[in-house]
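Protein chains in written order, with the working numbering: chain B, 10 to 349; chain Y, 10 to 349.
I should point out that these hints are in silico values taken from the structure, not numbers from a laboratory. Take the hints with a grain of salt, since some may be wrong.
All copies of an identical chain are treated as equivalent in the list; a pair is satisfied when it fits inside any one copy or across any two copies.
[As the list claims (entries may be wrong)] Lysine-lysine pairs mimicking DSS-like chemistry, simulated, CA-CA at most 25 Å apart: (1) Lys264 to Lys281; (2) Lys285 to Lys317; (3) Lys264 to Lys274; (4) Lys331 to Lys317; (5) Lys265 to Lys286; (6) Lys285 to Lys274.
Protein chains: 2
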Amino acid sequence: MEQQTMVRVAVDAMGGDNAPAAVVEGAVLAVCEDSRVHAVLVGKEDIIREELKKYTYDKERISVVDAGEVITNDEAPVMAIRRKKDSSIVKAMNLVKNNEADAFVSAGSTGAILVGAQLIIGRLPGVERPPLAPLIPTETGVALLIDCGANVDARPSHLVQFARMGSVYMEHVLGVRNPRVAIVNIGAEEEKGNTLVKGTFPLLKNCNEINFTGSIEARDIPSGAADVIVCEAFVGNVILKLYEGLASTLLSTVKKGMMSTFRSKVGALLVKPALKKTLKSMDTAEYGGAPMLGLKGLVVKVHGSSEKAEMKNAILQCIAFKEQNISEKIRTSIEVNENK
Amino acid sequence: MEQQTMVRVAVDAMGGDNAPAAVVEGAVLAVCEDSRVHAVLVGKEDIIREELKKYTYDKERISVVDAGEVITNDEAPVMAIRRKKDSSIVKAMNLVKNNEADAFVSAGSTGAILVGAQLIIGRLPGVERPPLAPLIPTETGVALLIDCGANVDARPSHLVQFARMGSVYMEHVLGVRNPRVAIVNIGAEEEKGNTLVKGTFPLLKNCNEINFTGSIEARDIPSGAADVIVCEAFVGNVILKLYEGLASTLLSTVKKGMMSTFRSKVGALLVKPALKKTLKSMDTAEYGGAPMLGLKGLVVKVHGSSEKAEMKNAILQCIAFKEQNISEKIRTSIEVNENK
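Just chain B, same shape as in the assembly (with noise of 0.2 Å):
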């Protein structure tokens, strides 16, 4: 029989709104629902072991690694990377450095993540910028919105780099075959957009390595218009945050709208189920975290507010990207076409 990868997932205990009971719980549920999936918690020991007694799962599969300190969000997160050497986060990350992990999930501080996976676990060689690449939910699917992450001010080679990136995982973590690359731009028509776009938009047509469609205007994002959505970080950053916001400000408007009326009310209670089972699509909660890319290693941020599903998804993510050899695939990438 052929022997099963194993994919060693390092997870920040300490790091969410809700660790480490949520974290802990997502990482049983993880190991439960694949057998290919073994998990090292970094955190309190002793916390961990107390929340992992109330489990029942294979004790094989799942192991303890101490860390005596936290990174919250408030700290300035170079300052905190590299004083905290006993924190969550670098003793995981170096857990990838050292190969003793393949991957990285954390809800914790994104300021300290950025920072700590490029000074500890490192840029693939040729990488400029390692963007963070959350999947959106769109009205089709989904669609990976790169980048999101604390880079701004970015040059048009940082762009042509992330539609690569982005791109190997949306074929080879997703499965969409030929993957459409668009940018994100206030028109449709090559001669519009701000210095960046501009400068970047030439050179993605000369890439003949990705499928890029062109110009995206916003509105045309959540209707599934394009598979891989390039924008610098501040726009993506916009993008995403408007999403949240916006699903729940409407989701909200709609159940006031059912509950202003004796008969809307009865109508709320027989559409209830059904509506819940669709909204479901469009809660960016169930895709897992956000990668990020060009790494030695795979490290996937969650949103700091996660639940044990998002947990669980996350560490059910790096699968994929370690039978696939996504950061290999994304090295060949960059290297193939930037040398030739």
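Since chain B is already given, all that's left is putting chain Y on it; use the hints.
Frame of chain B, contents of chain Y only:
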């Protein structure tokens, strides 16, 4: 008896997907709804007169100015404005310039309107860039999103002027006392952001004449966390378009969910009337058009797909602008605050 203000609105009868029918009907509705409105329909006279025959209205308050040419969306704006002297846009803007009209409303080419407004009507003294500032619906009312125009790659001084102009508009046209002004950012802390935002933040903090509340993340825009939302045009355009796209996708998802089972279909019938009413409050079309501020006259850009209701609202919007003397208030605000 005090004499009533007469607000003369030049209307581009040829602009937009539903011109001239929806434009003419919108103008008739505006004239019938408010006795202060005088509409000047600019475009092909014979066609306009033919449309007007369908309605009953005060003939004294709708006039027609013939314009033989039409500027389309595909034309290069600068060239179109320079060459098509007999177009509805150029002729209507000349009415504003020559003080034969107080305002100009159009659903035509955004590019041509933005260019024409600057070349023909002209900026107020001291105004560096006239922003396009649509009202977007929020959970608690509306917010002014400034700038969504075509002037990308803005400088900090532009954004400071947007904040001042937006404050004047929200206070005097919408009646919001001491409007909260926030800058779109990717985090709430002062040190976050791109070069533009970091450069603008301290300048806004020093503006004592506005109620600057700091950064706003895109997530908090729909809930109504600020009244004036300052950003450069590329980001503003992304926010506005994503608002439209996401609202339409989410509502179609809600509908799909409601129609998915027999039980939910029955519920949908009961829910529908109440839901329709509530959702109307989140429909951008309800709030008229986007004013272009900082000009020697008012220009209002309405959506290309506008129907009669949007046209009517955009025309009525011009009343408060004139009665409150907004151009003069903006001129004073820029002059007083930049020369102190």
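The hints, checked one at a time:
In this assembly of identical chains, the alpha carbons of lysine 264 and lysine 281 lie at most 25 Å apart whether taken from the same copy (10 Å) or from different copies (12 Å). For the identical chains of this complex, lysine 285 and lysine 317 are intra-copy neighbours only, at 19 Å inside a copy versus 36 Å across copies, given an alpha-carbon limit of 25 Å. Taking identical chains as interchangeable, the C-alpha atoms of lysine 264 and lysine 274 lie at most 25 Å apart whether they share a chain (10 Å) or sit on different chains (17 Å). Taking the shortest Cα distances, lysine 331 and lysine 317 sit within 25 Å of each other inside one copy (22 Å), while across copies they are farther apart (56 Å).
In this homomeric assembly, lysine 265 and lysine 286 come within 25 Å of each other (Cα to Cα) both inside a single copy, at 19 Å, and across copies, at 10 Å. With identical chains, the CA atoms of lysine 285 and lysine 274 are at most 25 Å apart both within one copy (16 Å) and between copies (14 Å).
Checked against the numbered hints given earlier, this structure breaks none of them.
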